[in-house]
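J.: Since chain A is already given, all that's left is putting chain B on it; use the hints.
What follows is each chain in one-letter form.
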Amino acid sequence: MYPIDSDLIKNKRKDLRSRAMWVGVGSNVFFLGLTSLLTDISSEMVTATLPLYLLLTLRLAPLQFGLIDGINQGASILVRVASGLIADRWRRTKEVATAGYAFSAVCRIGLLLVGRNWLALSGVVLLDRIGKGIRTGPRDAMIAGSVPSERLATAFGVHRAMDTAGAMLGPLVATGLLALTPGAYDVVFIVSLCFAIVGVAVIGLLVQSPAPASDAPAVDSPPVSSQIIGQLLARPNFRALVLISSALALTTLSDNFIFLVLQRKLSLSLNLFPLLYVGVALIYMVLAIPMGRLADRWGRRYVFLAGYGLLAVVYSLLLLPGLPQSLSFGILLLQGLYYAATDGVLAALASAVLPEQWRTTGLAIMSTGIGLARLLASFGYGALWTYIGPNQALSIFLIGLSITVLLAWVFLNRVERNADGTGH
Amino acid sequence: MPMEPAINRQRNLKIFAGIALGCIALGIGYTYWVIQRADASIDPAQAQPQGTPLPIARPEELQAIQSEPHLIFLHQEGPHYGQVKLAGLEPESPLSARTELNCDRVHYAAGNGICLIYDTSLAAQDPLAAIPVWVRLFGSDFKPRHEFTIEGIPSRTRVSPDGKYAAFTVFVSGHSYADPSMSTATVLLNTATGESLGNLEEFEVWKDGQRFQAPEFNFWGVTFAQDSNRFYATLRHGNTTYLVQGDIADRKLTVLHKNVECPSLSPDGTRLVFKKLISAGIWQLTLLDLATMKETPLAEKESIDDQVEWLDNQRILYQKIDYDPPKWVSVFVLPADGSGMPEVFISNATSPAVVP
Chain A
32 MYPIDSDLIK
42 NKRKDLRSRA
52 MWVGVGSNVF
62 FLGLTSLLTD
72 ISSEMVTATL
82 PLYLLLTLRL
92 APLQFGLIDG
102 INQGASILVR
112 VASGLIADRW
122 RRTKEVATAG
132 YAFSAVCRIG
142 LLLVGRNWLA
152 LSGVVLLDRI
162 GKGIRTGPRD
172 AMIAGSVPSE
182 RLATAFGVHR
192 AMDTAGAMLG
202 PLVATGLLAL
212 TPGAYDVVFI
222 VSLCFAIVGV
232 AVIGLLVQSP
242 APASDAPAVD
252 SPPVSSQIIG
262 QLLARPNFRA
272 LVLISSALAL
282 TTLSDNFIFL
292 VLQRKLSLSL
302 NLFPLLYVGV
312 ALIYMVLAIP
322 MGRLADRWGR
332 RYVFLAGYGL
342 LAVVYSLLLL
352 PGLPQSLSFG
362 ILLLQGLYYA
372 ATDGVLAALA
382 SAVLPEQWRT
392 TGLAIMSTGI
402 GLARLLASFG
412 YGALWTYIGP
422 NQALSIFLIG
432 LSITVLLAWV
442 FLNRVERNAD
452 GTGH
Chain B
9 MPMEPAINRQ
19 RNLKIFAGIA
29 LGCIALGIGY
39 TYWVIQRADA
49 SIDPAQAQPQ
59 GTPLPIARPE
69 ELQAIQSEPH
79 LIFLHQEGPH
89 YGQVKLAGLE
99 PESPLSARTE
109 LNCDRVHYAA
119 GNGICLIYDT
129 SLAAQDPLAA
139 IPVWVRLFGS
149 DFKPRHEFTI
159 EGIPSRTRVS
169 PDGKYAAFTV
179 FVSGHSYADP
189 SMSTATVLLN
199 TATGESLGNL
209 EEFEVWKDGQ
219 RFQAPEFNFW
229 GVTFAQDSNR
239 FYATLRHGNT
249 TYLVQGDIAD
259 RKLTVLHKNV
269 ECPSLSPDGT
279 RLVFKKLISA
289 GIWQLTLLDL
299 ATMKETPLAE
309 KESIDDQVEW
319 LDNQRILYQK
329 IDYDPPKWVS
339 VFVLPADGSG
349 MPEVFISNAT
359 SPAVVP
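Protein sequences appear in the order of chains A and B. Oh and the first sequence: position 162 is 193 in the numbering used here, straight run, nothing missing. Oh and the second sequence: position 108 is 116 in the numbering used here, straight run, nothing missing.
Since the hints were made in silico from the structure, they are not lab data. Don't take each hint at face value.
Stated by the list, open to error - Derived contacts from chain A toward chain B, CB cut-off under 10 Å, selection only:
no., residue
1, Leu209
2, Leu211
3, Thr212
4, Tyr216
5, Asp217
6, Val218
7, Val222
What the hints assert, rightly or not - Ranges between beta-carbon positions, derived for each pair:
no., chain 1, residue 1, chain 2, residue 2, range
8, B, Asp255, A, Gly207, 52 to 60 Å
9, A, Gly353, B, Glu159, 18 to 26 Å
10, B, Glu108, A, Leu306, 16 to 24 Å
11, A, Gly207, B, Lys260, 51 to 59 Å
12, A, Gly207, B, Leu29, 15 to 23 Å
Unchecked claim - The following residues of chain B were derived to be distant from chain A, with all beta-carbon distances above 10 Å:
no., residue
13, Lys172
14, Glu203
15, Ser204
16, Asn207
17, Arg238
18, His245
19, Asp258
20, Thr278
21, Lys284
22, Ala288
23, Gly346
24, Val362
25, Val363
26, Pro364
Idealized CB from N, CA, C, for every residue including glycine.
The following block holds chain B by itself, in its conformation from the complex:
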């Protein structure tokens, strides 16, 4: 082993001690300063809706907000990233609440909710391994009632307007790297029991009055009608996507239209807004009138990959990357008739569910 001159070693040791002490001081000092800063900002007098962390809502606070029209969405910023939040929909409503439930996708209707979330604990270690996803069914207290895991990547989820059924779509793992065209699984659930009503691939498919059969069908993006028995979804066979209308009781699906993805039915049941593929990977939000089958492109110029949510019979909500100022994603609002311009509805949010 070489011997550096003792003088050099002494000098190095001193420099090292200086650097180490400096770093320890910086680490402890900065941590201490942030703790102080946090304590100072908790002063309720100067609390701002966005500046201070909203505490977890107490049951009575939740009930207060649930007694009026509200929006349920996923917070997409900071320490509460992924938490389910509630906000009053009345123009001047001061109410908002945070729950302890964490999701990557959420939907809610009539006291029943569904939450999909990755189990990231092992996904970070090896991106090739199957990723477990928790499917959690919860009630108006936002506490899980039923939960189970599946493999895949959470994509779409919806609860029927009466809260009886839920549907979710995941990209099936294993196909993601072997096959560039993904494979999906869409499952219907009974929200009361947590039991599966089956994968849509088990339903009979009818097209032009005839049984439509193929070795591989992919379904995604269920949207329920007000009666909950009827629903719409996307079917892909080969390279073509179709709009199908489903009937849960008859376990039957009927092809209605072509090139429709992720449909969302208006509350009055007359129209659908869906994403229409216009070139590879580019989707145009489009309105479909179910009576006339007439399509109207909406005023959103950017490609949107989301299943929209109807705010009322005139306006839709959807997630989009928010560039100004740069944020992750925000929920935007847009008239559903081709007019107007998209505007930010809620910043740093995704997966909106309107509870009228």
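Bound-form chain A, shown alone:
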């Protein structure tokens, strides 16, 4: 007879060994991280290369440009929940995520074909964003399904660290290639396509579908999508998380605004701007795993809220009248820490309170709320900046953020302790 048993044991042992290697989260999370790393290298290579913004603003009035950007963001938000529902209803999480990655890979071929036609180019960019909208929810659900619940935040930390590494490597690869082959943008697109294909191959061939925790069949689901969304939002733990995360996003400034204030305060050279982004990304990358482990050990709520507390400190420092130069590095550090303490940890918090069967949909609902709140925050801050001035706008956001963090503290305490992974 074929020695099935010994094979199983061997595999189990191998799995335990790899789990020990990848800070205890298993090879599946590592491979999902690798997919994101490769895909981010691929997409950041292109965004760093295409003078897309320039091109759009030169040819379109800002209002039209804003409209196109809005359509892009809206499309991404719409497909998020739809892809979540499809993935959950048909139990095809991995297939949907793979399709989302494949979608973006195909867009690289599109880039090669459309040439310099900017209208077609912006169409390709829209398709790329739709691909991102499709894959994000299922991918996070797979990360959550690949680890025991007490390792959730660590797993998301590993994934976010690799994701950020890819985002930083992409522009470097593109710059390197353009230095080798000046002006040959097709090389950048082809190599970007290669990274994207390998990324799809990793998720399609090396990542395994997490086993369902419960054996509930897929057919007992409510037939109407809005019912599913309603039922998920009726769960007090999840509803609280959606409200809290959206409210916090509503009082969160985009990095760009923070760097702009920093630049004005310190009269930094504008050439240093990209370095600010790199600095924050680097800190985020380095700290994502440690903060995830901390969250799993001490309680995700505490780490999550502490992260937003740090953001309030960032705002306060920016409001200080005489900000010493050395403190600007402190601000970058705090900003990176804030990302490390909140982004993956929130995904872990939500994954823990969501029923496994509807996890993708739930995560998509939450990210939709956050996306809309961010859009509002950007518009609101832009308008406040214009009408009452940058410092006054920042003060209003600081007050709003502080109140929200306090309210979040009260509400999060009501969230079942099992969301923390520490309670019993």
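T.: Frame of chain A, contents of chain B only:
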């Protein structure tokens, strides 16, 4: 965690290795091939003006081209996108040169140039944030002498014929999304010192012999007369645009005519070509005779949103999307009297400045 049969995992691993190796081979192979291709095409014997990259001009090459009438423009294609280029204007002139200066708008006269360029490093991250624009004043060596940043979107820029003054217009940021009717800022500069001579909104405006005052004036599209002290520009008040004549020394503006945008004065100072709004978002290039105030529509049938540049006293240059074959934009030439047809003057180019 589910265990797929070991045989499947083995098979998947093999397929993955195949795909990964294939992709690595494709990436490295293609890069290598392009490097080879580039090396082969640098053969000077078969160098073509458009095929091979023009090297950055050496100072003596720049001086050679600057000693004869030439055109300064922005290259709009490929790796040198946005770089300032020079080309001889004599019919058979072989001279052309590329500089290291990158701009989104450029103008130049009498050894003085102005260059506006976005700082895109952060704009790509968040389209709602204020966009810094570098304003760079440069000399005949195309190296910046003075530079500073402002916020907005670069629109028009001109240098006075004697090179003493420069003017630029930006769309003021912050208004772009809150207010569909844009707000502009137009500033005059002393090119020697880089100092601002003020925003046109600080000038006195006169209309029909009376002081014209309103809480919000918008100005754009300055064009200088030969004496440099006098200039023309567009003033918008409410929904109406006016042609104003300005005087730098008196800091005064006088309303001359209605529905005139982005005027450009002929070298002999007798006529203006401007864009006339004929319906929402559609502009007709039109000639205005300053002595008689008579308008003549030019032969360009398409809507043009540009401040034209006079090639000589008979012909104008402007940018337009070039459909045949599809390119981004090209500079077109057109007689300034309503006759003729637009023709491509230079492909893949924008922001022309004629240096006679």
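J.: All hints are to be evaluated individually against the structure, with a verdict given for each.
T.: Status of each hint after checking the structure:
1. Leu209: holds, 8 Å
2. Leu211: The hint holds - Leu211 (chain A) has a Cβ within 10 Å of chain B, the shortest such distance being about 6 Å.
3. Thr212: Where the cut-off is 10 Å and the nearest Cβ of chain B is about 5 Å from Thr212 (chain A), the hint holds.
4. Tyr216: holds, 8 Å
5. Asp217: Holds. Min distance 7 Å.
6. Val218: holds, 5 Å
7. Val222: Interface hint status for Val222 (chain A): holds (5 Å vs cutoff 10 Å).
8. B:Asp255 to A:Gly207: 52 to 60 Å: Hint holds: Cβ distance 55 Å, inside 52 to 60 Å.
9. A:Gly353 to B:Glu159: 18 to 26 Å: Distance hint for Gly353 (chain A), Glu159 (chain B) holds at roughly 24 Å.
10. B:Glu108 to A:Leu306: 16 to 24 Å: holds, 22 Å
11. A:Gly207 to B:Lys260: 51 to 59 Å: At 56 Å between Cβs, range holds.
12. A:Gly207 to B:Leu29: 15 to 23 Å: At roughly 21 Å between Cβ atoms, Leu29 (chain B) and Gly207 (chain A) fall inside 15 to 23 Å, so the hint holds.
13. Lys172: Fine: 28 Å to the nearest Cβ keeps Lys172 (chain B) off the interface.
14. Glu203: holds, 19 Å
15. Ser204: holds, 18 Å
16. Asn207: With a cut-off of 10 Å, Asn207 (chain B) remains clear of chain A, as the shortest Cβ separation is near 18 Å.
17. Arg238: Holds, since 31 Å exceeds 10 Å.
18. His245: At roughly 21 Å from the nearest Cβ of chain A, His245 (chain B) sits farther out than 10 Å, so the non-interface label holds.
19. Asp258: The claim stands: Asp258 (chain B) keeps its Cβ more than 10 Å from every Cβ of chain A (closest is about 33 Å).
20. Thr278: holds, 33 Å
21. Lys284: holds, 19 Å
22. Ala288: holds, 12 Å
23. Gly346: holds, 28 Å
24. Val362: holds, 22 Å
25. Val363: Given that every Cβ of chain A is farther than 10 Å from that of Val363 (chain B), nearest at about 24 Å, it holds.
26. Pro364: At roughly 28 Å from the nearest Cβ of chain A, Pro364 (chain B) sits farther out than 10 Å, so the non-interface label holds.
Violation of the numbered hints given earlier is absent; every hint is satisfied by the structure.
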